[in-house]
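K.L.:
In case you want the letters, here they are:
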Amino acid sequence: MQRIGVFVCHCGTNIAATVDVARVVEAAAKEPGVVHAEDYQYMCSEAGQLKIREAIKEKNLTGIVVCSCSPRMHENTFRQAAERAGINPYMVEIANIREHCSWIHKDIEEATEKAVILARAAIAKVTLNAPLQSGTSRVVKRALVIGGGIAGIQTALDIADAGYEVDIVEKTPSIGGRMSQLDKTFPTLDCSACILTPKMVEAAAHEKITIYTYSEVEKVSGFVGDFQVDIRKKARSVDMSKCTGCGVCQEKCPSKKTPNEFNRGLNTRSAIYTPFAQAIPNVPVIDRENCIKFKTGKCGVCSKVCQAGAIDYEQKDEIVTQNYGAIVVATGFDTIKLDKFDEYSYSTSPDVITSLELERIMNAAGPTKGHLERMSDHKPPKSMVFIQCVGSRCADKRGKSYCSKICCMYTAKHAMLIRDKYPGVEVTVFYIDVRTPGKNFDEFYRRAVEEYGVNYIKGQVGKVAEKGDKLLVQGVDLIDNKRILMETDMVVLATAIEPNPDVRKIATMLTASIDTNNFLTESHAKLRPVESPTAGIFLSGVCQGPKDIPETVAQAGAAAVKVVGLLAKDHLVTNPCVAKSDELLCNGCSSCEKVCPYGAISYEEREVNDHGIRETRRVANVNSALCQGCGACTVACPSGAMDLQGFSNRQILAEVDAICK
Amino acid sequence: MQVEKTQEFRPKIVAFCCNWCSYAGADLAGSSRLAYPADVKIIRVPCSCRVNPMFILRAFQRGADGVILCGCHPGDCHYTTGNYYARRRMTLLFSMLDYLGVENGRTRVEWVSAAEGVKFSTTMNEFVAKIHSLGENVRLGDLRCKKD
Amino acid sequence: MVYSYYPGCTLKNKAQDLDRYARMSAEALGFTLEEIEEWQCCGAVYPQASDEIATKLSAVRALNDAKEKDRDLVTLCSACHHVIKRVNDDMKNVEDIRTRANNYLKLNTPYEGETKVLHFLEVLRDRIGFDAVKEKVVNPLTGRKIGAYYGCLLLRPSGVMAFDDPENPTIIEDFIRAIGAEPVVYPYRNECCGGYISLKEKALAGNLVDQVMDSAADKGAGELITACPLCLYNLKNSGTSKKLPVHYITELLAEALGLIMESKTPQQATGHQACSSASCGGFDPCGSRQMDMPACPLGSLPAGIKEVGKGA
Amino acid sequence: MHRTEQEQAELIKEISGVNTKKCMKCGKCSASCPAYEEMDIRPHQFVSYVQNADVKALLESKSIWKCLSCFACVERCPRDVKPAKLIEAVRLMVIRERGGNYLTPGEVPELLDEELPQQLLASAFRKYSK
Amino acid sequence: MQERLVERAKELLTDGTVVRVLGWKQGDLGYNPEPAYFNSPEELADFVYDGFCGANLSKYMIQAGKMEGNTLVFLKPCDTYSFNQLIKEHRVNREKTYIIGVGCKGTLDIDKIKNAGIKGIESISQDGDMLKIQTIYGEKEFPFDDALLERCTVCKGKTHQVYDELIGAQEGEEAGPKGNRFEMVEKLEAMTPKERFAFWQNELSKCIRCNACRNACPACSCLKCVFDSNKFDSAQKANVDTFEEQMFHVIRAFHVAGRCTDCGECSRVCPQGIPLHLLNRKFIKDINEFYGPYQAGEDTDSRAPLTDYTFEDVEPSVVTERGGKH
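Chains as they are written, first to last, in our numbering: chain A, 1 to 661; chain B, 1001 to 1148; chain C, 2001 to 2312; chain D, 3001 to 3130; chain E, 4001 to 4326.
Just so you know, these hints were derived from the structure itself, not from any lab.
Where hints are given, some of them may not hold.
[Unchecked claim] BS3-like, lysine-lysine: derived pairs with alpha carbons at most 30 Å apart: (1) D:LYS3025 with A:LYS439; (2) D:LYS3130 with C:LYS2092; (3) D:LYS3056 with C:LYS2202; (4) A:LYS661 with A:LYS59; (5) C:LYS2219 with C:LYS2243.
Looking at chain A on its own, in the form it has when it is part of the complex (with noise of 0.2 Å):
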């Protein structure tokens, strides 16, 4: 028979105004098997730990119920109490009282009551309650890194540096991310590559990082500490130990019609390419969609300019299997499609562009050389309307309920840049709000208008017509309450940014969870920022949610040392809470094996011996490692004997009993 202890917890008022903490601890001692019972202001505070200390020690106590908060907050804390008294960690049940009980009930009489019925149940449930041993698994010191934009090169320097081992993922040809795409940045307006760039030869030249471009995540399997990746890399075409990066192969290919990504299709590129001319690495990939060798089979001029002889058609896509301690998603984002948003005519007009656009026509490495001009008739703009929240801030299908954050800061930007480069374009920003929170931000927006003439007016556009060869923009002005009927000759769209379509893809392969919005969920809001829910995966930059350059950095160091915190260690200790299967009562029949999320299960044929008849038979066997304690496969077992640790039937069915009594 177990000695159980019982201490219930005022939590200041918040318990103890409208539970009648007395009443509780008096209803609980008269329970079976419970030899004490006491109250205290705060049982989390080191006062109250001490009781419970001496307590187990005084009474001889086997198992304790907390009546407190939720075991989501202090769980742990008594766990680690009862630990230090002597007795097993997993001796300890917590009985909700506080969110679930004292505050959302006003009647003292009734709360009561409840409490009381809740600590019962947690009694029952500890009486039934074994000590659990929690088992150790390796560390592997290696991460993992998808994505190879800035969060991704941040976060793979701030764990090679602390001098373990990283790999880069990267799915396009090259690592830099939207960042390199970038002409300028806020608030300061370096030039995004200036930045950029250095940090991209970091990486590349680190010893402790291997970065694997034009290559994606296929498989994953293991656990934190442990995890097993398959990586594809995709067949670039190009041998990489030879390529000089000379360039002559995009010159010379006959197949220059493709869409430009880089440019976000402003311009073509050939099949043969590298995005951009810092690229790392500077070695080229066919896209074998739109080569004509690869279509055709006639063509191969690269393969004949190549000095280096580096052009590879025969190249197979490779899996390269490799195991991580800890796996960091860095995926980024991307700009909503505006197909939804015709009534700004983008799908109809040229220059009706995304910022993103305008972003590369002001790079100097862009297709315009850095000209500002309309794509219809490459003519310089007189004049130029920005339309903020394009598909941000929408409660309705077509675009997404959440601030993207960044539009605002760039708008001025770019309002700015071009005031100053082409004082004479008349520069007009529609906005709803103007959101500037962050350091030197709203300066930064009142100087665009104080200081560069922008023209700021609040009131969302209605309608983008085309007219002629202008623009005719209608709106209007919230403050004036008049209509606005303007002509332009260039409209810019801040298109909301929403997470990288893959993600889901990923999100899936680790087990994480993502929001309605796909964007990966963290651990806690507040503080576990930068950790998904699943253990040993971490979040960097935008797949987490809408954030600019200097937060997504801040994120990618904060994700690097979680990430280190991790790899120091040499062993972690698993979650005992794992399931068992009872092999005198297995029937082997696989059901449990087909619902387990984690192929934890395995079924061997094992000699038992059943009551003196030994034979082999077929029984599952759960590998603790691997199993995360859900419980799906107790229920497909039909006979019962796959069970829980620390939530077995038993145990559910007696807090169900002492409930329902």
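Guided by the hints, dock chains B, C, D and E onto chain A, whose structure is given.
P.N.:
Relative to the frame of chain A, chains B, C, D and E by itself:
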């Protein structure tokens, strides 16, 4: 001879909540002070897929008037797929209970995320109201339906 | 294939061409428009208020008629299509309206939005296929540059109408291509011409029509086509800017299919049957009175209106 | 029956089914409205006027007769507020409560012309009178 | 037919293909043959195969598979679904089993004959469409079709799903005209909850917890039933019995949901005549409607409905939404 009950009907309601979403949602309802009746008692399970139909039947057999199972939204399961299995199991179980002629309003599944404190509270309020309208559970207590 | 067909009041007199050419073209394309019996005016304006039931009943009757015959319901006039489609959506999705409407109508079985409402153009696109239409064209309208005028009622609100992309529709352009002409895309093709208020707000309607005409002319259209009698009237009669000819979609379809020799000038298109304005006796602003369709005596329009006025 | 402005505002919300609190005051409804310049109170203001129970001004506004019911505001609103429904509700309140028909049969003959389609009269009566 | 089976069994025993035969042997009455092992050609003298050999022998193969040497088993078409399902669940050893698929004209329900007032039965033989019944009161006749078990009136098919050879049957044989096996389920569904409750109360009240259904059911093949182990036990042993007793049939039906082949053994063996198959069929019907047609035992590798899912599965609320009758 039955003594006439003067006491107001106080239903017994068991809510199974998965640890990652719904239990956290219930915590959020608590920290947001979103009230729901004290008749609801929550049992924490790691995942909605841990809930064996036997637990639910046991609750009814022991006098529960309503049982509700809350889990992560489909697609958001902490264990990736647990709630999909739970969804099938509960669909079939509820349909069977209905087939046996017991009020199917006494069972419910609701997907509540950790962020949906409001939904948790409204769901519980609705569910308690529903159980009030159905009254005390008589039929579900003994599914063998044995006549006296 | 036989479809139940709801012509609506205007197609029975002022817009007889729209109606007649639609039926002729339908037969040529292998489907039949069978007019539902004893239909009533739809009221021409969708009653948006949640407490209006009586004004939705004529649409429900038409919908139920099609349901009983187990057919889809085809419309042509944009206003009728808008009203009937939206009422159908209410009957399907708004419990309060469904219950109350059924309480009024006391049908054999309650109507719950079962009928599928199709616009004539949707039949061409989704059932016949524009490629099949193209194959039947004997007299392609080659060289004609035609602007599609969608107006507002076919497209919006897009959630319910589900007709086409509300901001960049293509169905009429595809239709124009099918009959061998060249579509001209212009930005104001989905902006309202102000037809509804053209009775009393001449100036406003005029401005809006000018905007549409100018926009279409700017992009090089030689003529406009529409499915809406009200738009056609307003585009022709309001505004001050230079006018492009306006035709009904079915008129050009019939022409391309070789059913009539050539499309008439705008004057001819509707002018010759001015007499049929008569059917005002059947016109009913409340949309709940029986219409006496086939023979309405000529010239009783004002009288009919007065009568209704008195009754109201 | 006399109602306070607050009650009238509630009634407008009820018969229109519009939740005025969803508005984020971006002005896209007004920016989209083809009749904007003819209106004294603009579509986006209808939302805030109802929210603030300034119903008297709305009942006297000429805007209610100018709305084209083209649903551009409904289609383009990013918050799904449906200003057109509010305008319709105010219009109904006028023609129902004051008997304030905006069109009388007596006016009709002089407004007619040869080509005028039936549906224009039908819709005018539907919109302007009860 | 019986002779051909015996002859072939003797051959297989003699040539060493198998060391034992699992079949049916004559019971103490003329209409109650029972499953039996035959270890030598001589023992086969007691072998019988007639319309009363309803017993599904698949389940016995779990035990037989553990014995030394190969076993010959005779399976009727519907029994092979059960056997396949047991292969899927790794419960039987296909390699050690020699299956003769036997033709089946339908199996008979003695109670239907007795209920028709025929008493003192000594033996029954078949003559064309009629049964000739020798009773102590003389010979009686009874139409074969009227004596069929319910399950045979809605026969799943005459095709064997797994076999080594066929006797008295052809590959791909069609079943005769079939009734709608869900007819009674649908009838129950159409009742009010009160009527349904009354129906089940009446039926399940007859249960004497003899476990015949559990013992006969090929899906109920756990080494140890949950009701016999302490896995779902809580501290108070006395109450456990009531839980078991009160929830037994529902839990049993749930445990075999998605695995039950609808072989009908549960109802056939129930001494109280409870239509237990109606519980299983409800699950089968729901599974078919919610997740697409599924027949347990049709193959050995597909995922069972309860160990599978799709993202778009119906929500449990579908039960209340479609219900309507309350």
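K.L.:
Compare the structure with each hint and give your call.
P.N.:
Outcome of the hint check:
1. D:LYS3025 with A:LYS439: OK: D:LYS3025 and A:LYS439 at ~27 Å, within 30 Å.
2. D:LYS3130 with C:LYS2092: 27 Å, holds
3. D:LYS3056 with C:LYS2202: 27 Å, holds
4. A:LYS661 with A:LYS59: 29 Å, holds
5. C:LYS2219 with C:LYS2243: The given pair, whose Cα atoms are some 14 Å apart, holds under the 30 Å limit.
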